[in-house]
Structures are given as C-alpha cells and as structure tokens.
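So the protein lines, in turn, are chains A and B.
Just so you know, my numbering puts the end of the first sequence at 305, numbered straight through with nothing missing.
Just so you know, my numbering puts the end of the second sequence at 97, numbered straight through with nothing missing.
There's no promise every hint is true.
[To be verified] Some chain A residues flagged as far from chain B (calculated, every beta-carbon gap over 12 Å): (1) Thr216; (2) Gln229; (3) Ser272; (4) Gln274.
[Stated by the list, open to error] A short, non-exhaustive set of chain B residues, derived as facing chain A with CB atoms under 10 Å: (5) Pro(-9); (6) Ile(-5); (7) Gly(-1); (8) Gln20; (9) Gly23; (10) Met33; (11) Asn34; (12) Asp42; (13) Tyr47; (14) Lys48; (15) Thr69; (16) Gln93.
Rather than coming from a laboratory, the hints here were simulated on the basis of the structure.
We treat Cβ as the ideally placed atom computed from N, Cα and C, and that holds for glycine.
Spelled out, the chains give:
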Amino acid sequence: GIQVEQSPPDLILQEGANSTLRCNFSDSVNNLQWFHQNPWGQLINLFYIPSGTKQNGRLSATTVATERYSLLYISSSQTTDSGVYFCAVGYQAGTALIFGKGTTLSVSS
Amino acid sequence: EAQVTQNPRYLITVTGKKLTVTCSQNMNHEYMSWYRQDPGLGLRQIYYSMNVEVTDKGDVPEGYKVSRKEKRNFPLILESPSPNQTSLYFCASTKQGATNEKLFFGSGTQLSVL
Chain A
197 GIQVEQSPPD LILQEGANST LRCNFSDSVN NLQWFHQNPW GQLINLFYIP SGTKQNGRLS
257 ATTVATERYS LLYISSSQTT DSGVYFCAVG YQAGTALIFG KGTTLSVSS
Chain B
-16 EAQVTQNPRY LITVTGKKLT VTCSQNMNHE YMSWYRQDPG LGLRQIYYSM NVEVTDKGDV
44 PEGYKVSRKE KRNFPLILES PSPNQTSLYF CASTKQGATN EKLFFGSGTQ LSVL
C-alpha cells in the first residue's frame, strides 16, 4: 500500500518563527489533506490540496503530485499552533485516507 | 453550522458492558467512517459506510459493529468491550466517496475500558 512519511517528527519553535513541514508519499494519489490535532485532541481539516498551492492566513500548503510530496508552511507561529500536524492521502480505488504519523509542533512564548 | 457530532466526549466503562458511541452529521454526506487513534499506531480505520445500509470493514474491525439506517447517523457499537479497545475514537464524513473529498472529523471520544 501507499506509504506516507512526515518530517520532521518533532519541531520546537519560538513564537514568531516560521516552519516547513513535509509529507512524502510513495505512489500516485488523487487526494491529499493536512490536519491539525490540537492539544484537546480535536482534528481540524486545514487544507484539501491534491495539487497546487493554497493559502489560509498564516498557513499555506503546496503539493507537487508528480514528485510525490507536499509542504505545509506556518509563518509567524503562535502558541495556538501547537499540536500534531497530519498529512493524509487517498487514491482512486481506496476506501480510506492513509495517514502519516504526524509532526508534533511545540511553540513557546 | 456544518459539523460532525460525537457523543459522549469521554467514557469510562468496564469489560463486557455493551456501549454505543453516537455520530451524527448535518451536511447530507454520503460517506461516514470510524477511526481509532493509538500512540505509536496513528489513525486506523475501523468501519466505513458509503451510503445508507452500506457498510464495510476497515483495517481494524474486530470487536466493533456499526449500522447506517439513516444518512445522518453512524453509531459505533462495542458489544463486549475489552481493555485493548481503550483508545481515542473519531467519526468522520465526506460528501461522497472515501478518498476524493474533504474529510470532516467529529470532536473525538476518549474511551477507557477497565
């Protein structure tokens, strides 16, 4: 099956710093999504981005499907950005999204 | 507000006592799914439903049951819970299909089986 690898596994930042999270996947996909799991456990959908670039406030994401990777950019990080960021992919015949193991982000003030 | 609603948020029970975790969505989504999240194992799919009366097993279905009698509801049933089912559970839905739509999650249910 498709493998999804996220890097780095852990990231510690000072408030105001920028960061880039990476998601590599091992095969062609038709769906890629980024999620944020906050410290209370809730999973929030950040982006649905099978290809191209999208921006939402301080967050942006780029997926290069032909090269099988996606990047999530967080600019001017805030303490509320802390949590785990998951990348998940889907393929045409699939019945579920396949999740990476996540990047744990800690932002301190 | 468009949302997926799960209840309860926290649940502590004892081995063998049947329980149901409810899930409801108000977006008229066809596809619904249950996941469990465990440290080191990530998110794994338990069951999914492509539409009313259509359900199928995911990666870890043992010990669970589901039903989809109405489009909006997709309850998860543990007939005889065991300690290895202690986990964080999520219900999720998409408009149509499993892998080509934006996935929306409920707030999660933290289950402890003693």
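Status of each hint after checking the structure:
no.	hint	result
1	Thr216	holds (22 Å)
2	Gln229	violated (6 Å)
3	Ser272	holds (26 Å)
4	Gln274	holds (22 Å)
5	Pro(-9)	violated (14 Å)
6	Ile(-5)	violated (16 Å)
7	Gly(-1)	violated (26 Å)
8	Gln20	holds (8 Å)
9	Gly23	holds (8 Å)
10	Met33	holds (8 Å)
11	Asn34	violated (13 Å)
12	Asp42	holds (8 Å)
13	Tyr47	violated (15 Å)
14	Lys48	violated (18 Å)
15	Thr69	violated (14 Å)
16	Gln93	holds (7 Å)
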